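Novice: So the chains spell out like this:
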Amino acid sequence: MLQYTIRRLFSLIPVMFIVSIIVFMIIHLTPGNPAHLILGEDASEESIKQLEEQLGLDQPVVMQYVNWVKDIVTGDFGQSVYSSEPVLDIIIGRLGPTFSITIVSIIMILVISIPIAIAAVWKRNTLIDPLFISISLLGVSIPEFWFAMLLVLGFAVSIPLFPVAGYIPMADGIFQWLYHLILPSFVLAAVEIGLVARMLRDGMLESVNQDYIRTARAKGVKESIVLMKHVFSNALIPTTTVIGAMVAGLLGGTVIIETMFTIPGMGQLLVDSIYRRDYPIIQGVILFIAVVYVIVNLLVDLLYTFLDPRIRYD
Amino acid sequence: MLEVKNLKAYIDTPAGIVKAVDDVSFSLKAGETIGIVGESGSGKSVLALSLMQLNPSPPTFYPQGEILLEGKNLLHLKEKELRNLRGNDIAMIFQDPMSSLNPIFKIGTQLMEAIRTHQNINRAEAKKKAIELLKDVGISDPERRMNDYPHQLSGGMRQRVMIAIALAGKPKILIADEPTTALDVTIQAQILDLMKDIQKKYGTAIIIITHDLGVVAQLADKIVVMYSGRIVEEGKTEDIFYHTAMPYTWSLLRSMPRIDTSSRERLIPIQGQPPNLVSPPKGCNFNPRCPFATADCLKIDPSLTERGAGHYAACILSEKTFEEGKLQLENFETKGVPL
Numbered sequence: 001m002l003q004y005t006i007r008r009l010f011s012l013i014p015v016m017f018i019v020s021i022i023v024f025m026i027i028h029l030t031p032g033n034p035a036h037l038i039l040g041e042d043a044s045e046e047s048i049k050q051l052e053e054q055l056g057l058d059q060p061v062v063m064q065y066v067n068w069v070k071d072i073v074t075g076d077f078g079q080s081v082y083s084s085e086p087v088l089d090i091i092i093g094r095l096g097p098t099f100s101i102t103i104v105s106i107i108m109i110l111v112i113s114i115p116i117a118i119a120a121v122w123k124r125n126t127l128i129d130p131l132f133i134s135i136s137l138l139g140v141s142i143p144e145f146w147f148a149m150l151l152v153l154g155f156a157v158s159i160p161l162f163p164v165a166g167y168i169p170m171a172d173g174i175f176q177w178l179y180h181l182i183l184p185s186f187v188l189a190a191v192e193i194g195l196v197a198r199m200l201r202d203g204m205l206e207s208v209n210q211d212y213i214r215t216a217r218a219k220g221v222k223e224s225i226v227l228m229k230h231v232f233s234n235a236l237i238p239t240t241t242v243i244g245a246m247v248a249g250l251l252g253g254t255v256i257i258e259t260m261f262t263i264p265g266m267g268q269l270l271v272d273s274i275y276r277r278d279y280p281i282i283q284g285v286i287l288f289i290a291v292v293y294v295i296v297n298l299l300v301d302l303l304y305t306f307l308d309p310r311i312r313y314d
Numbered sequence: 001m002l003e004v005k006n007l008k009a010y011i012d013t014p015a016g017i018v019k020a021v022d023d024v025s026f027s028l029k030a031g032e033t034i035g036i037v038g039e040s041g042s043g044k045s046v047l048a049l050s051l052m053q054l055n056p057s058p059p060t061f062y063p064q065g066e067i068l069l070e071g072k073n074l075l076h077l078k079e080k081e082l083r084n085l086r087g088n089d090i091a092m093i094f095q096d097p098m099s100s101l102n103p104i105f106k107i108g109t110q111l112m113e114a115i116r117t118h119q120n121i122n123r124a125e126a127k128k129k130a131i132e133l134l135k136d137v138g139i140s141d142p143e144r145r146m147n148d149y150p151h152q153l154s155g156g157m158r159q160r161v162m163i164a165i166a167l168a169g170k171p172k173i174l175i176a177d178e179p180t181t182a183l184d185v186t187i188q189a190q191i192l193d194l195m196k197d198i199q200k201k202y203g204t205a206i207i208i209i210t211h212d213l214g215v216v217a218q219l220a221d222k223i224v225v226m227y228s229g230r231i232v233e234e235g236k237t238e239d240i241f242y243h244t245a246m247p248y249t250w251s252l253l254r255s256m257p258r259i260d261t262s263s264r265e266r267l268i269p270i271q272g273q274p275p276n277l278v279s280p281p282k283g284c285n286f287n288p289r290c291p292f293a294t295a296d297c298l299k300i301d302p303s304l305t306e307r308g309a310g311h312y313a314a315c316i317l318s319e320k321t322f323e324e325g326k327l328q329l330e331n332f333e334t335k336g337v338p339l
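Chains A and B, in that order, are what the protein sequence lines are. When we follow the numbering used here, the leftmost residue of the first sequence carries the number 1, and every step to the right adds one. When we follow the numbering used here, the leftmost residue of the second sequence carries the number 1, and every step to the right adds one.
Only chain A is shown next, with the shape it has when bound in the complex:
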């Protein structure tokens, strides 16, 4: 197991190499002189030269890449063109809100989709199953920005249950923190609830007809325990894959949600930086999301061994 983990960590190197090339190229794929683009139309020759030097744009591209990677490996992601602060510090300062939304939203997805799937399978011969599943699939088909506005109109403006926007750090009170996160996290969760519920339900329906479920029933085990213990645990294995891939979708989704709810997280940072053409930050954020995605998928692979004893990596 340890050996496998180490091997998997090494296999991340080529993945990260490709990711780093793509991220690095962002600055060069935009047409025109990057320094000129960053500083805008009426920048003086002098300031453009200065920025080119600061970004290393006066060197050959290969050298630029090597230097860039060297810096990143030592933890230096460069400086923001806009505020001159180190990129890494800016990103770390923005992690709290983004992680908060993502985690609350993952919890919402699990808490809502698991009972939906179990209820659908429990009542599989009634109208409950198609009803629950179509409602949950509705979430997948609704655009996030529209759903966010609808919820704000409904539950923050017309019926002022929740705040319209904003973010309170957890340190300033866990209740206020959660209170401000409910609407944005729910919008983010809505898309995935349908997918996870559907995946779980299909997995459970497949498992429910297996011989070992008949064995459990033949033992006299209660139907509710048969479903929750025997059927559910077996359906969890394929669903975990979806949940792993989902994390990337959630991180991407925060870009829209944080902008709509004015939450000072990484998504908002990314959008602001794009407006400001603050390339070092754009590169830093994208690189960071890629790393999180790769690590989550590694964790999912390792999690399989706990969910399914037949899977052994040694």
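No wet-lab data here; the hints were simulated from the structure. Owing to the predicted nature of the structure, the values given are computational and were not obtained by experimental measurement. Ideal Cβ positions, reconstructed from N, Cα and C, are used throughout, including at glycine. Check each hint, because a few of them may be wrong.
Unchecked claim - If the Cβ cut is set under 8 Å, some of the chain B residues that face chain A in the computed set are:
no., residue
1, 54
2, 84
3, 86
4, 91
5, 92
6, 102
7, 113
8, 118
9, 119
10, 165
11, 203
12, 280
13, 283
Mind docking chain B on chain A? Use the hints.
Specialist: Quick look at chain B alone, frame taken from chain A:
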């Protein structure tokens, strides 16, 4: 102890209603072994699952009949009473031990679940009992095996675990649905021996469902032969083997290898396919495949008639016609004497 009276189990399918079990009656005494024999699709598994109400319902329904266990009709039990019955009064082992155990739980967990479902005892006591049961079914080093997952055991071991699970509630009746079909021959013999030992030790009545006449010959006191959802012959094991009174049973016996005939003799398969149970043939269900069918067989649907003490068969042919027919057919096959 167990009495099945005029049981019908039908399955509602898009193609029509399948009469999987059609007016079947038999009885089982305490400690007795009964073999239910038939081809695939003869309704024997549906019959077995009916006894525990384990057929998926819908689509299965029971338009008629009674299953009486010590006078109680199992068809009218409530969900809770049914759960008390399963694993406690009647237990079951299945054909494929590979897929009958939950792959993600340790066998100890699955065995202890069976014990604790019916007995109000704590985990430590249940564990002790589970180890005891594993020892009873001949699993060596049971303490260590408790922590194994099903995929770590061989097929024979898994079937032993299934038997241990079935025995957890000390059932009065053990239903074995093709318990040895998925196992190789030496393991088959071990499992059959184990079932005999268990019967001796606990006095459990056994219903063994199989298409393998060799298995029932070893184990059963009584044999019920099923064809297209019905019982076509029923009697003591010797009667079925030596006084066969129904052409289908006779054809089944001929299609089975025997140790006492020369190896050059060929096995003779039963011609044709089992009938469509949605719209069975007119007259006797077996007539399209029966080598002795007469014009009457296309019209008359035979019912079981007594052929000896406790020996019943459903066939309109007289004993004489049947014997002559067999002789003629054998002469034709071995010496080419025209029919």
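Novice: Measuring from the C-beta of residue 165 of chain B to each C-beta in chain A, is the shortest one below 8 Å?
Specialist: Cβ of residue 165 of chain B sits 6 Å from chain A, so the hint holds.
Novice: Per the CB criterion, is residue 118 of chain B less than 8 Å away from chain A?
Specialist: Constraint on residue 118 of chain B satisfied, holds at 6 Å.
Novice: Given residue 91 of chain B was flagged as interface, is its beta-carbon under 8 Å from a beta-carbon of chain A?
Specialist: With a minimum Cβ separation of about 7 Å from chain A (threshold 8 Å), the hint on residue 91 of chain B holds.
Novice: Would you check whether residue 280 of chain B satisfies its interface hint, that is, whether its CB is within less than 8 Å of any CB in chain A?
Specialist: violated, 27 Å
Novice: When the nearest CB of chain A is found for residue 203 of chain B, is that gap smaller than 8 Å?
Specialist: violated, 21 Å
Novice: Against chain A, is residue 86 of chain B within 8 Å by beta-carbon distance?
Specialist: With a closest approach of 4 Å, the residue 86 of chain B hint holds.
Novice: Going by Cβ atoms only, is residue 84 of chain B closer than 8 Å to chain A?
Specialist: holds, 7 Å
Novice: Minimum Cβ distance from residue 113 of chain B to chain A below 8 Å?
Specialist: holds, 7 Å
Novice: Does residue 283 of chain B pass the interface hint, meaning its C-beta sits closer than 8 Å to a C-beta of chain A?
Specialist: violated, 36 Å
Novice: Does residue 54 of chain B pass the interface check with chain A, least Cβ-Cβ distance below 8 Å?
Specialist: For residue 54 of chain B, the interface hint holds, since the closest Cβ of chain A sits about 6 Å away, which is under 8 Å.
Novice: Can we keep the residue 92 of chain B interface hint, with Cβ of chain A closer than 8 Å?
Specialist: holds, 5 Å
Novice: Grab the minimum C-beta distance from residue 119 of chain B to chain A and call the hint holds if it beats 8 Å, violated otherwise.
Specialist: violated, 11 Å
When held up to the earlier numbered hints, the structure conflicts with 9, 11, 12, 13 and fits the remainder.
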